[in-house]
Amino acid sequence: MTTLAARSRTALLVIDVQKGVVAEAHERDAVVANIAALVDRAREEDVPVVWVQHSDEDLVKGSDAWEYAPELIRRDTEALIHKNFGDSFEETELEDVLAAAEAGHLVVTGASTDACIRSTIHGAFVRGYDVTLVGDAHTTDDHSKWGAPPPEQVIAHTNLYWRYQSAPGRRAAVTETKDVTFE
1 MTTLAARSRT
11 ALLVIDVQKG
21 VVAEAHERDA
31 VVANIAALVD
41 RAREEDVPVV
51 WVQHSDEDLV
61 KGSDAWEYAP
71 ELIRRDTEAL
81 IHKNFGDSFE
91 ETELEDVLAA
101 AEAGHLVVTG
111 ASTDACIRST
121 IHGAFVRGYD
131 VTLVGDAHTT
141 DDHSKWGAPP
151 PEQVIAHTNL
161 YWRYQSAPGR
171 RAAVTETKDV
181 TFE
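Position one of the sequence shown corresponds to residue 1 (my numbering), numbered consecutively onward.
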């Protein structure tokens with residue numbers, strides 16, 4: 001139902017599951033395992049997998065912390081988007097990659113829930129994409145010492161409000177890994 005013409009396909013986004021981003025993340029191992037399972041399913045179903053990798057002054061490009069979690073191996077044929085902002089679309093070639101793949105529906109996974117995940121799902125939605133957030137395949141660190149809720153509440157709240165997003169001609173949804181369909 002996307003508002004993007006001739007974009008009937010779905011793409012899986014794997015956002016910032018980098019060593020330095022998820023090292024201390026809430027339920028890290030379970031989330032990474034869910035993402036790995038989705039990557040495997042997407043590959044089996046010939047669904048484009050798009051990897052997004054963040055860098056900034058705290059996450060230096062080429063450093064060990066910048067590398068993807070070792071459980072997740074990108075294939076050379078799969079797109080890799082380098083970004084410097086929370087929204088994976090900002091000053092990147094993500095839109096061009098998705099257009100070439102004819103993707104109008106995005107299935108979103110990764111880190112960090114309260115930053116790059118939220119920025120990207122909102123960015124995609126306002127750009128006309130249908131966006132499914134995989135509720136058990138995104139995570140964040142504990143920022144409660146700075147006044148944020150504990151990570152499990154940040155994740156739960158994001159899942160709660162995303163399932164009720166609406167806009168003309170677009171769909172927002174939240175689903176669990178086991179229930180993801182790439183249709």
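Hint data in this document are derived by calculation from the structure and do not stem from the laboratory.
One or more hints might be untrue.
BS3-like, lysine-lysine: derived pairs with alpha carbons at most 27 Å apart [said to hold, decoys possible]:
(1) Lys19 / Lys178
(2) Lys178 / Lys145
(3) Lys19 / Lys145
Now the in silico label distances, taken between C-beta atoms and shown as ranges [as the list claims (entries may be wrong)]:
(4) Asp56 / Ala6: 21 to 29 Å
(5) Pro150 / Ala65: 17 to 25 Å
(6) Asp142 / Ser8: 14 to 22 Å
For every residue, glycine included, the Cβ atom is placed at its ideal position computed from N, Cα and C.
Quick rundown of the hints versus the structure:
For the proposed pair Lys19 and Lys178, the alpha carbon gap of about 25 Å is at most 27 Å, so the pair holds. For the hint pairing Lys178 with Lys145, the CA-to-CA distance comes to about 33 Å; that exceeds 27 Å, so the pair is violated. Of the supplied pair hints, the one linking Lys19 and Lys145 holds, its CA atoms being roughly 22 Å apart against a limit of 27 Å. At about 35 Å, the beta-carbon gap between Asp56 and Ala6 misses the expected band of 21 to 29 Å.
Range check, Pro150 to Ala65: Cβ separation about 24 Å, and the 17 to 25 Å hint holds. Separated by about 40 Å at the C-beta atoms, Asp142 and Ser8 break the suggested range of 14 to 22 Å.
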